[in-house]
Every structure is written in structure tokens, then in C-alpha cells.
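Peer 1: Sequence:
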Amino acid sequence: MTGPPAEAAVTTGVLARRLGVSPTTLRSWDRRYGLGPTGRSPGGHRRWSPTDIAMAEEMCRLTASGAPPAEAARVALLRFAPGGGQESREAPAPRPPGPGAVPDVPPAAAAARPGGPGGGLPLGDVRQECRGLARSAVRLDAPELDHRLRDAVRHHGLAVAWEEVMVPTLRAVGRKWESSGDRYVEVEHLLSWHISSTLRSAPLLLPSAPPPAKAPPVVLACTPGEQHSLALEALTAALGERGVPTRTLGAAVPAEALQACVRRTGPTAVVLWAQTRSTASVPLARHVAGLQWGAAGARRRPVVLPAGPGWGQPARSGFPHCTGLRDAVAVLSRLYDEDRGARPAPVGAG
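Numbering follows the working numbering, with no gaps: position 110 of the sequence shown is 110.
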């Protein structure tokens with residue numbers, strides 16, 4: 001093997017898992033900036049030496065701290081590559097510093113702080129997938145976000161991917177946003193967008209049986225004035241995985257529109273999401289729970305499930321209570337199965 005000793009070198013896949021990036025990202029750095037492996041195995045496969053690994057780690061640290069990729073690559077090559085980075089294919093090679101001179105480090109990179117295992121986000125004790133997802137979000141690496149989110153759904157299923165990968169990362173971004181003024185807004189928006197896209201594509205990622213035709217659905221809606229609908233998208237996807245039909249209305253649904261949907265669809269249950277107490281409406285929940293449809297003598301009503309942190313314990317009195325996504329899926333699946341057994345024929349609009 002040429003270059004570093006075989007026992008000190010690793011493959012691109014191993015290094016990608018260690019850094020929390022995709023192999024495609026590492027190959028892109030090699031192709032665009034000359035930041036790649038220098039050794040080869042006896043079979044001709046490229047291997048990353050300890051110096052190559054140090055360059056890649058520096059690249060991750062600088063980009064996670066906000067440095068542009070081209071500048072981060074130039075600094076990483078300057079610090080670790082033999083010859084000071086003359087092989088970089090995008091940025092010009094830096095001039096060799098004179099005796100005692102300070103290397104020409106870009107201001108953004110020089111002021112950058114270590115990104116940490118989660119790209120500088122306050123993650124705490126979380127799954128390893130959260131750290132890779134956080135690093136991708138901080139770097140605004142959209143293709144990598146898609147790759148990691150889809151992998152989490154495929155490997156763990158909707159409920160675990162949502163509760164143990166997506167939500168902890170979203171909360172970490174939110175905490176960083178709150179403590180950094182207007183910084184990290186773009187990170188939160190990009191991460192939310194890609195989580196939403198992944199949840200909506202869940203039927204393509206997971207095996208699921210289609211619901212029976214004209215089966216009574218579960219209606220999911222945010223209360224009037226509530227704009228946070230990502231949790232409803234997660235619940236919609238998780239119910240779809242179980243074959244439970246849904247009608248998801250999304251954010252800030254007017255009370256009149258919600259009532260019209262309930263009367264027209266005859267749902268098994270209605271989920272009302274409220275993120276804050278100011279948007280949780282107990283009168284609305286009670287009114288929806290009192291809606292009726294069907295023929296005289298066989299009138300039916302929906303089960304209303306208030307969901308979200310906006311509903312305090314007094315507000316939930318008299319309604320089913322769920323502690324998380326998996327609990328909500330179990331409750332709604334049971335209600336759906338019971339309702340289908342009670343009414344084998346579809347209910348007409350009333």
C-alpha cells in the first residue's frame with residue numbers, strides 16, 4: 001500500500017460515519033477542493049490517512065461554525081496538507097508564509113469556534129443520528145438533510161424517527177435560535193422544510209397497506225390561529241403507516257371550516273393541535289365533540305383528541321389524553337378499528 005500504513009488508514013464509508021456526513025459529501029470535497037484521501041490499498045482503493053482525516057475533521061469544524069466551504073477547505077489544506085494546499089482545485093493556493101509569519105487565515109474561519117459533535121447545537125444526550133442531522137442543518141446541506149432524514153425513517157419507522165431524531169434536533173435549533181438573537185433562523189426553517197418533505201414522502205419510504213375505500217377517517221387540524229402544523233404531519237404519516245385514513249387540514253383552520261369537514265366526512269376522531277395555551281380553545285373542542293351526523297336514531301359523534309403542549313390538564317378534562325406520537329397512534333388506531341366494526345357501511349353526509 002502506498003502512502004500511510006494500512007492499519008492507520010480508513011475507507012471513505014468509515015470516515016463518513018465517523019464525521020456524520022455522507023460519502024457523497026466527502027467525494028465532493030475531494031473533487032472540488034482536492035481535500036481527499038492520499039493512500040491506496042493493495043487493490044487500488046483509496047484510503048484516508050490520519051493527516052487526511054484531520055483535514056476532513058477541520059473542514060467539518062469550520063463549515064459547522066459558518067465558514068464558506070471553499071474558505072474552510074483552503075484553511076484545512078493550509079494547516080494539514082503537504083505543500084500547504086497546492087492541490088486545491090477551487091481556491092488559489094496560499095503564498096508560503098515568511099519566517100515567523102502568521103498563516104493567512106480568513107477572518108470568518110479564524111474567528112470560528114469548534115462546531116462540536118452536533119454542529120455547535122445544545123443537543124445533550126441524544127441518538128447519534130441527531131448529531132449528524134444537526135451538523136447537516138448548521139451547514140445548510142440540503143441533500144445531506146434529505147439523506148439522513150430518509151435513512152432515519154427507513155431504519156426506525158415514523159414514530160421513533162420523529163420522537164428520537166427529528167424533535168430533539170428541532171428543539172436544539174430552537175434553543176440556539178433563542179440564545180443567538182436572529183441567528184440560526186435559516187437553519188430552523190431549512191430543517192423544518194426538509195422534515196416536512198420527509199414526512200409527506202413517508203408512503204414511498206415505508207411499506208403500508210392502503211386504507212379501505214370510504215372508510216371513516218381521522219381529521220387532523222390546528223386550532224384557529226395556530227401556525228405550527230409539523231406535529232400533525234408526523235401524526236398523519238404515522239397513521240398512514242398503520243393504514244388509518246386521514247384528512248389533514250393543516251395550520252390555522254377556521255372553526256367553520258373544521259365543522260364543515262366533520263359533518264361531510266363523518267370521522268372516527270378529530271385531533272386538535274395547539275402549540276400554545278393562547279391557541280387552545282376548550283369551547284371549540286367541546287363544540288366539535290357535540291357535532292352529530294347520520295340518520296335519526298343512529299346519530300354519531302366524533303371523539304375529540306386535544307393534542308399539543310398548549311392544552312393544560314384542566315383543558316383536557318373529559319377528553320382522551322396522549323403523551324406522545326406513539327401513544328396517539330395507538331389510541332387513534334384503536335378508535336378507528338372499533339368504529340369500523342360498529343359501522344361496516346360508510347356513513348353518508350348529514
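Any given hint might turn out to be false.
Computed beta-carbon distance windows for the label pairs [said to hold, decoys possible]:
| id | residue 1 | residue 2 | range |
| --- | --- | --- | --- |
| 1 | 250 | 31 | 34 to 44 Å |
| 2 | 28 | 283 | 23 to 33 Å |
| 3 | 174 | 292 | 20 to 30 Å |
| 4 | 317 | 23 | 13 to 23 Å |
| 5 | 252 | 32 | 41 to 51 Å |
| 6 | 193 | 156 | 45 to 55 Å |
| 7 | 171 | 45 | 17 to 27 Å |
| 8 | 189 | 42 | 41 to 51 Å |
Source of the hints: derived by calculation from the structure; they are not laboratory data.
Computed from a predicted structure; not experimentally measured.
Where is the CB? At the ideal position from N, CA and C, for every residue including glycine.
Peer 1: Next, verify each hint and record whether it holds.
Peer 2: Cross-check of the supplied hints:
{"no.": "1", "hint": "250 to 31: 34 to 44 Å", "in the structure": "41 Å, holds"}
{"no.": "2", "hint": "28 to 283: 23 to 33 Å", "in the structure": "55 Å, violated"}
{"no.": "3", "hint": "174 to 292: 20 to 30 Å", "in the structure": "41 Å, violated"}
{"no.": "4", "hint": "317 to 23: 13 to 23 Å", "in the structure": "53 Å, violated"}
{"no.": "5", "hint": "252 to 32: 41 to 51 Å", "in the structure": "43 Å, holds"}
{"no.": "6", "hint": "193 to 156: 45 to 55 Å", "in the structure": "21 Å, violated"}
{"no.": "7", "hint": "171 to 45: 17 to 27 Å", "in the structure": "40 Å, violated"}
{"no.": "8", "hint": "189 to 42: 41 to 51 Å", "in the structure": "48 Å, holds"}
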